[in-house]
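Novice: Sequence:
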Amino acid sequence: MVTPLLRTSRRDTSEYWLLAASGPVLLGSALLGWRLSWLSASTAAFCFLVLAALVAWHSRARRFGIADVVTLTRGLGVCFLAGLALQALVGDLARHAVLTMIIMGTLCVTLDGVDGRVARARGEVSAFGARFDVETDAAMLAVLSVAVAALGIAGWWVMAIGVLRYGYVATSLFVPALRTPLPYRYSGKVVAVAQAVALLAALTFRLTHGEHWVSTALLLAALASLCWSFGRSVLWQLRHS
Numbered sequence: 001m002v003t004p005l006l007r008t009s010r011r012d013t014s015e016y017w018l019l020a021a022s023g024p025v026l027l028g029s030a031l032l033g034w035r036l037s038w039l040s041a042s043t044a045a046f047c048f049l050v051l052a053a054l055v056a057w058h059s060r061a062r063r064f065g066i067a068d069v070v071t072l073t074r075g076l077g078v079c080f081l082a083g084l085a086l087q088a089l090v091g092d093l094a095r096h097a098v099l100t101m102i103i104m105g106t107l108c109v110t111l112d113g114v115d116g117r118v119a120r121a122r123g124e125v126s127a128f129g130a131r132f133d134v135e136t137d138a139a140m141l142a143v144l145s146v147a148v149a150a151l152g153i154a155g156w157w158v159m160a161i162g163v164l165r166y167g168y169v170a171t172s173l174f175v176p177a178l179r180t181p182l183p184y185r186y187s188g189k190v191v192a193v194a195q196a197v198a199l200l201a202a203l204t205f206r207l208t209h210g211e212h213w214v215s216t217a218l219l220l221a222a223l224a225s226l227c228w229s230f231g232r233s234v235l236w237q238l239r240h241s
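Using our numbering, you'd call the opening residue of the sequence shown number 1 and step up by one each time.
Just so you know, the hints here were simulated from the structure itself, not pulled from any lab data.
Be aware that a few hints might be false.
The following label-pair restraints were derived from C-beta to C-beta distances [as the list claims (entries may be wrong)]: (1) Thr-106 x Val-214: 30 to 40 Å; (2) Leu-220 x Ala-30: 16 to 26 Å; (3) Pro-176 x Ala-127: 12 to 22 Å; (4) Asp-12 x Val-214: 39 to 49 Å; (5) Val-163 x Ser-187: 32 to 42 Å; (6) Leu-89 x Tyr-168: 16 to 26 Å; (7) Leu-31 x Ser-126: 13 to 23 Å; (8) Thr-171 x Asp-92: 27 to 37 Å; (9) His-58 x Ser-172: 14 to 24 Å; (10) Arg-60 x Thr-208: 25 to 35 Å; (11) Ser-126 x Ser-172: 17 to 27 Å.
All values reported here derive from a predicted model rather than from experimental measurement.
Just so it is clear, CB atoms sit at the ideal spot from N, CA and C, and this is done for glycine as well.
Please model the complete structure; the sequences and the hints are all you need to start from.
Specialist: Structure below.
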């Protein structure tokens, strides 16, 4: 009897898709270096190498579904966002670079609503796919938070949007109750998307209106909703651990 592992073709594995993605990454990095800075380009390429190593390690020889490919595409976008965010951190970004961040971030948020639906429709739902999706979301929020703070759109308090989940994960290493599996809540997904939308809206206001109180208001509202969502989850885990 042939095992599922033997039936998995080379085309279906994560290594194949990561190798296929290396071409667009190299081309995009070259264009980014030529148009903006080689610091951004090298950062994007380095982030892709980290992403590729993590995906290859955790997916092993399992089948890499279409939904995973969609999430991988979002991951590539986050790599380039990281390069632009680092450029914002060391020096002000040009208008066309901020616009690039907005467009790329919007595409990543849009695809965030696609991979889950594709996974359910094709029967590709898996623990790896869910984790891949969550970690990609978290990385994007962290990167966008750095960009918003570095560009002076809001104070460094906005970094709380990007690091709150990582602080929660770090705390769970010492508090076993926080490792209790949480029930699925649609509100949690909505709150996560709201963070990305608020950060992208703040970048848009920076591009069109300069410093604007609306950006601060949006970011404060987003952070408040995120704290509510995490607080609700923590209370549930403490009660049911």
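Novice: Hint by hint, say whether it matches the structure.
Specialist: Verification of the hints:
1. Thr-106 x Val-214: 30 to 40 Å: violated (18 Å)
2. Leu-220 x Ala-30: 16 to 26 Å: violated (39 Å)
3. Pro-176 x Ala-127: 12 to 22 Å: Between Pro-176 and Ala-127, where Cβ atoms are some 20 Å apart, the hint holds.
4. Asp-12 x Val-214: 39 to 49 Å: 47 Å Cβ-Cβ, so the 39 to 49 Å window holds.
5. Val-163 x Ser-187: 32 to 42 Å: violated (21 Å)
6. Leu-89 x Tyr-168: 16 to 26 Å: holds (24 Å)
7. Leu-31 x Ser-126: 13 to 23 Å: Violated, at about 34 Å.
8. Thr-171 x Asp-92: 27 to 37 Å: holds (35 Å)
9. His-58 x Ser-172: 14 to 24 Å: Once the Cβ atoms are compared, 18 Å apart, the range 14 to 24 Å for Ser-172 and His-58 holds.
10. Arg-60 x Thr-208: 25 to 35 Å: violated (46 Å)
11. Ser-126 x Ser-172: 17 to 27 Å: Hint holds: Cβ distance 22 Å, inside 17 to 27 Å.
Violation of the numbered hints given earlier is confined to hints 1, 2, 5, 7 and 10; the remaining hints are satisfied by the structure.
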